[in-house]
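**Q** Two independent chains are provided; combine them into the complex using the hints.
Here the protein sequences line up with chains Y and Z, keeping their order.
Each residue of the first sequence is one higher than the one before, starting from 1 at the first, in full-length UniProt numbering.
Each residue of the second sequence is one higher than the one before, starting from 1 at the first, in full-length UniProt numbering.
Source of the hints: derived by calculation from the structure; they are not laboratory data.
Fair warning: there could be bad hints in the mix.
As the list claims (entries may be wrong) - List time: in silico DMTMM-like cross-link candidates among lysine to aspartate or glutamate, alpha-carbon distance up to 25 Å: (1) Y:Lys-292 to Z:Glu-73; (2) Y:Lys-295 to Z:Asp-92; (3) Y:Lys-292 to Z:Asp-87; (4) Y:Lys-295 to Z:Asp-169; (5) Z:Lys-201 to Z:Asp-92; (6) Y:Lys-11 to Z:Glu-98; (7) Y:Lys-147 to Y:Glu-79; (8) Z:Lys-19 to Y:Glu-297; (9) Z:Lys-19 to Z:Asp-212; (10) Y:Lys-82 to Y:Asp-121; (11) Y:Lys-11 to Z:Glu-137; (12) Y:Lys-2 to Z:Glu-73; (13) Y:Lys-296 to Z:Glu-65; (14) Y:Lys-15 to Z:Asp-92; (15) Y:Lys-292 to Z:Asp-92; (16) Y:Lys-296 to Z:Asp-26; (17) Y:Lys-295 to Z:Glu-113; (18) Z:Lys-19 to Z:Glu-3; (19) Z:Lys-157 to Z:Asp-212; (20) Y:Lys-83 to Y:Asp-121; (21) Z:Lys-132 to Z:Asp-169; (22) Y:Lys-15 to Z:Glu-113; (23) Y:Lys-15 to Z:Glu-163; (24) Z:Lys-27 to Z:Glu-163; (25) Y:Lys-2 to Z:Glu-98; (26) Y:Lys-295 to Z:Glu-175; (27) Y:Lys-15 to Z:Glu-73; (28) Z:Lys-157 to Y:Glu-297; (29) Z:Lys-201 to Z:Glu-175; (30) Y:Lys-296 to Z:Asp-169; (31) Z:Lys-71 to Y:Glu-79; (32) Z:Lys-70 to Z:Glu-175; (33) Y:Lys-295 to Z:Glu-65.
All of these numbers come straight from a predicted model, not from anything done at the bench.
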Amino acid sequence: MKIRSLGYLFKEGVKNIWSNRTMSIASVGVLVSCLLLTGAAVVFSYNINSAMKTIEGNNSVRIYMTQDLPTLSAIKVGEEIKKLDNIKTCEFVPKDEAIQQYMKILGDKNGTMLQGMTGKDNPLPDAFKVSFKDLSKYKDTAAQIKKIPGVATINDYSDVAAKLTRLDKVVTMAGFWIILLLSLVSLFIISNTIRVTMFSRRVEISIMKSVGATNGFIRVPFIVEGIIIGMLSGALSSFLLFLIYDKMVGSITSITLFSPVDISPMAGKILLAFMLAGTLFGAVGGVISISKYLKKEGGEIVGW
Amino acid sequence: MIEFQNVSKIYSNGTRALKDVSLKVDKGEFVFIVGSSGAGKSTFLKLIMCEERPNSGEIIVNGRELSTLKKREVPFIRRTMGIVFQDFRLIDTMTVFENVAFAMHIVGASNKEIRKRVPYILGLVNLQNKAKCHPAELSGGEQQRVGLARALVNNPKLIIADEPTGNIDPALSFEIVDLLNEINRRGTTILMVTHEHTLVKHFHKRVVEIHDGTIVADTASQKEEERHED
Ligand SMILES: Nc1ncnc2c1ncn2[C@@H]1O[C@H](COP(=O)(O)OP(=O)(O)OP(=O)(O)O)[C@@H](O)[C@H]1O
Ligand SMILES: [Mg+2]
Numbered sequence: 001m002k003i004r005s006l007g008y009l010f011k012e013g014v015k016n017i018w019s020n021r022t023m024s025i026a027s028v029g030v031l032v033s034c035l036l037l038t039g040a041a042v043v044f045s046y047n048i049n050s051a052m053k054t055i056e057g058n059n060s061v062r063i064y065m066t067q068d069l070p071t072l073s074a075i076k077v078g079e080e081i082k083k084l085d086n087i088k089t090c091e092f093v094p095k096d097e098a099i100q101q102y103m104k105i106l107g108d109k110n111g112t113m114l115q116g117m118t119g120k121d122n123p124l125p126d127a128f129k130v131s132f133k134d135l136s137k138y139k140d141t142a143a144q145i146k147k148i149p150g151v152a153t154i155n156d157y158s159d160v161a162a163k164l165t166r167l168d169k170v171v172t173m174a175g176f177w178i179i180l181l182l183s184l185v186s187l188f189i190i191s192n193t194i195r196v197t198m199f200s201r202r203v204e205i206s207i208m209k210s211v212g213a214t215n216g217f218i219r220v221p222f223i224v225e226g227i228i229i230g231m232l233s234g235a236l237s238s239f240l241l242f243l244i245y246d247k248m249v250g251s252i253t254s255i256t257l258f259s260p261v262d263i264s265p266m267a268g269k270i271l272l273a274f275m276l277a278g279t280l281f282g283a284v285g286g287v288i289s290i291s292k293y294l295k296k297e298g299g300e301i302v303g304w
Numbered sequence: 001m002i003e004f005q006n007v008s009k010i011y012s013n014g015t016r017a018l019k020d021v022s023l024k025v026d027k028g029e030f031v032f033i034v035g036s037s038g039a040g041k042s043t044f045l046k047l048i049m050c051e052e053r054p055n056s057g058e059i060i061v062n063g064r065e066l067s068t069l070k071k072r073e074v075p076f077i078r079r080t081m082g083i084v085f086q087d088f089r090l091i092d093t094m095t096v097f098e099n100v101a102f103a104m105h106i107v108g109a110s111n112k113e114i115r116k117r118v119p120y121i122l123g124l125v126n127l128q129n130k131a132k133c134h135p136a137e138l139s140g141g142e143q144q145r146v147g148l149a150r151a152l153v154n155n156p157k158l159i160i161a162d163e164p165t166g167n168i169d170p171a172l173s174f175e176i177v178d179l180l181n182e183i184n185r186r187g188t189t190i191l192m193v194t195h196e197h198t199l200v201k202h203f204h205k206r207v208v209e210i211h212d213g214t215i216v217a218d219t220a221s222q223k224e225e226e227r228h229e230d
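Next comes chain Z alone, as it looks inside the complex (with noise of 0.2 Å):
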């Protein structure tokens, strides 16, 4: 699903966020990624994103070389994911339903179908009541959960959640990466940067930890007996 070749990634104004990394992420797989402050997670996110683009190295996303990748491919490549960004990313003119319809309108669903889907998903995450706010009148957890509720609900084959849980009370927290477990049950690949030590305790899952731009430790991807256990 997602490969990894020697990247490296060195921002314009000279930083070094990632050295060399290879990586490979199968289809199906729920991979945590670790590691502190400024360590390259949410770089090495962007780049399967094309947001940014790696210096050197190769990144396989679903069998398509990005590298090859024309300008106006990439928003078709990005609808394939479901993406929640670290600073929410919100259109603050829209309510919270439009936020999440817009999703659904990039790819052209119909208005019928945007009615019936947009509540639904709205009510995966607990924000049924909040339909009509727009962002700013929203606590920060309930911004990143409609963030984590437009990923979803174009039901992509991979989602990619850059601390989804950062500013959720720990109950929640479980509840939210629960929903994304059960997601990831019925096939959706899952890559999700986390700094909490009990989720990642709690759900066996892989766990690959980046420092100072280089992949430091990875445990073997959770065998699939293991999985139906927990």
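So that you can see chain Y by itself, here it is in the shape it has in the complex (with noise of 0.2 Å):
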């Protein structure tokens, strides 16, 4: 094959996503699909673990108060929680504090919803902010802190840090499981779509290759077919990635206190990424469609 073929053989691949426009679309639709699904699933996964390197980085613990507990005799708890060992800071968090943060964080800014929960009848206990100089130590020293008496129930962080890392483990694992599923049945589709309107390209790669055509020459079109398909994927399913995102992080954010990760900055990987996998995946989907007729001869393909 010579070089100046191949601006013929990257014109025919064009016309060819063109005359092919049925299974071209649906290339594209089963392509973006499976590349969304696994944008999603390493999206979410990206998000559990800066929420877990957040948690981690605070390394401090509420230790709630029993509710009746009279903040003077809270304070003396607090006392006692500071001579112990392992303490790097205690802070000191009275219930009018927190009812405060909570309507904050609730974006309720006059107060209405938790009105009538301050003073007397705020219903949260007092609590301290505690650090540890030694996380690894932790059980220890809340098993102590447990014992001084007014102490009702520590915040276990790491239980949480623990319960993402699991969640993050499932993530991962479904994630792999989904996208090999998807990438199955995209295959499933694509060679299916392939099947349906493969019968007049099949004629045209007999009559090719009968008029002394190589499987090369033959091949490029399709390869160029593949990958255009491919990057045109690949850019809308990382516009439609950002677009899905950006409406949800809206949504997450008012409704719960968990902050999504800002993935504008990764736009350009993401873009490169998917384009390279689309790119990837149309090439070797191009590849594979014909090369069960490149094997064969002249009337074997379609049966002269």
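**A** Below, the structure is given as structure tokens:
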């Protein structure tokens, strides 16, 4: 194959996308859904990781007093806690302050929602925000704190961290299976779509072979076609991912305390990864779709 | 140029299409292949173009023993032949021009050469006005001539034509064989399958008759002097 054939073969590939538009559209659809779900899994796991980092970074634990413990006694408990070895900081969080924080988080500026929960009717107990010198000794220290009279519960963030780790594993696993399943499904759909539209192209391939075209020559337009479809799908799915994520981030931040990661700095990387994945899928798909016919000769291909 | 040594071809369904065929065609010959339908004429040609492989015997084309040919070499030996197929084999998503140009693209011709050569060849087969048509918009005879144009466009040393005038009126058939004759005069070897006895009679060429898979008659190839007379 000569270099100057490439121009011609490239044009043929582009033309084929249009002449086989049903298949082209179907392939783009399949690829986009596959890439989108993959992207969703990756972004989700990324969020969980970042949430875990925030928690680990805080390295702080809340210790709640029993409900009716007078503030003075609570402060005494605080003194007890500070005496323990493993305590780095110990900060008193009065219940009034805590309820105010909640109001702020919930966006209840006027305090209408939690009105009547301030002062004596405050349902929250007093608490201490404690950080440890050595987190690995957490269990012992927690046990010592629990023994102090007046301590009700310890809000165990490491438990949350463990849960998140587990969730992340589940998501990774689920993501893996989803991607695997989707790849199989998309391969199935693609090969079926190809099978349906392949008849005319099968004739075309056998004719090309019978007038002396090499397999490489026949393959190039198919690869070009696959690559273009793949790049198109990559661009489309990254665009959709950003759009959907943006919408979801908007609604998630307004209902929960959790703040999702801003993925816009990764936009370039995601686009690139999607385009590459799409290109690879497309090219491989293009090669696979014709390899069956390239192996055969003339009549065998169409049954002349 | 072409040599068959005790070639037999049995299709996978058991049909014995060729039985122990031996034949030699020299460079520059013009051979008519005749015989009733199903006699094995197309099979004979398909063996030459490596579309089918013989079950036994040897086929030598251009000094090359075809059974030693590797799969990836097949396209290159096909390019040395201009082939007119009985079933036309035109690509229907391509125009007449593109179909003929395709054969040139395969061998890596430049766009400039293609733009010059294709219209010239289409003119030879009287299709200059149909260049932009798709095969589906053409009559059978016109499609057949596109196939002929494609076979001629690369100036092959060997032309294999399976009933190239099968769908063409007698006057045009004569014109086409005249064209092939002219090409043959310039040194190209031609194998042409035909059912038209008037053609065979009019052009005094070597005639090979196949019947039921065997060669039953083979006139000697015409002498140089006789060729100049017609
Ligand atoms: N691909 C095939 N598989 C099985 N049998 C075949 C195949 N091609 C041809 N045949 C059989 O081989 C025999 C010779 O066929 P061939 O096509 O060579 O005949 P032909 O001389 O070209 O006939 P026609 O003049 O009708 O074109 C026939 O009996 C045909 O049915
Ligand atoms: Mg035939």
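**Q** Compare the structure with each hint and give your call.
**A** Right, here's what the structure says about each hint:
{"no.": "1", "hint": "Y:Lys-292 to Z:Glu-73", "in the structure": "holds, 19 Å"}
{"no.": "2", "hint": "Y:Lys-295 to Z:Asp-92", "in the structure": "holds, 22 Å"}
{"no.": "3", "hint": "Y:Lys-292 to Z:Asp-87", "in the structure": "holds, 23 Å"}
{"no.": "4", "hint": "Y:Lys-295 to Z:Asp-169", "in the structure": "violated, 39 Å"}
{"no.": "5", "hint": "Z:Lys-201 to Z:Asp-92", "in the structure": "violated, 36 Å"}
{"no.": "6", "hint": "Y:Lys-11 to Z:Glu-98", "in the structure": "holds, 12 Å"}
{"no.": "7", "hint": "Y:Lys-147 to Y:Glu-79", "in the structure": "holds, 14 Å"}
{"no.": "8", "hint": "Z:Lys-19 to Y:Glu-297", "in the structure": "holds, 22 Å"}
{"no.": "9", "hint": "Z:Lys-19 to Z:Asp-212", "in the structure": "holds, 8 Å"}
{"no.": "10", "hint": "Y:Lys-82 to Y:Asp-121", "in the structure": "violated, 29 Å"}
{"no.": "11", "hint": "Y:Lys-11 to Z:Glu-137", "in the structure": "holds, 24 Å"}
{"no.": "12", "hint": "Y:Lys-2 to Z:Glu-73", "in the structure": "holds, 16 Å"}
{"no.": "13", "hint": "Y:Lys-296 to Z:Glu-65", "in the structure": "holds, 21 Å"}
{"no.": "14", "hint": "Y:Lys-15 to Z:Asp-92", "in the structure": "holds, 14 Å"}
{"no.": "15", "hint": "Y:Lys-292 to Z:Asp-92", "in the structure": "holds, 21 Å"}
{"no.": "16", "hint": "Y:Lys-296 to Z:Asp-26", "in the structure": "violated, 31 Å"}
{"no.": "17", "hint": "Y:Lys-295 to Z:Glu-113", "in the structure": "violated, 31 Å"}
{"no.": "18", "hint": "Z:Lys-19 to Z:Glu-3", "in the structure": "holds, 15 Å"}
{"no.": "19", "hint": "Z:Lys-157 to Z:Asp-212", "in the structure": "violated, 29 Å"}
{"no.": "20", "hint": "Y:Lys-83 to Y:Asp-121", "in the structure": "violated, 32 Å"}
{"no.": "21", "hint": "Z:Lys-132 to Z:Asp-169", "in the structure": "holds, 23 Å"}
{"no.": "22", "hint": "Y:Lys-15 to Z:Glu-113", "in the structure": "holds, 22 Å"}
{"no.": "23", "hint": "Y:Lys-15 to Z:Glu-163", "in the structure": "violated, 33 Å"}
{"no.": "24", "hint": "Z:Lys-27 to Z:Glu-163", "in the structure": "holds, 21 Å"}
{"no.": "25", "hint": "Y:Lys-2 to Z:Glu-98", "in the structure": "holds, 19 Å"}
{"no.": "26", "hint": "Y:Lys-295 to Z:Glu-175", "in the structure": "violated, 39 Å"}
{"no.": "27", "hint": "Y:Lys-15 to Z:Glu-73", "in the structure": "violated, 29 Å"}
{"no.": "28", "hint": "Z:Lys-157 to Y:Glu-297", "in the structure": "holds, 23 Å"}
{"no.": "29", "hint": "Z:Lys-201 to Z:Glu-175", "in the structure": "holds, 15 Å"}
{"no.": "30", "hint": "Y:Lys-296 to Z:Asp-169", "in the structure": "violated, 36 Å"}
{"no.": "31", "hint": "Z:Lys-71 to Y:Glu-79", "in the structure": "violated, 88 Å"}
{"no.": "32", "hint": "Z:Lys-70 to Z:Glu-175", "in the structure": "violated, 38 Å"}
{"no.": "33", "hint": "Y:Lys-295 to Z:Glu-65", "in the structure": "holds, 22 Å"}
Going through the hint list in order, the structure does not satisfy hints 4, 5, 10, 16, 17, 19, 20, 23, 26, 27, 30, 31, 32.
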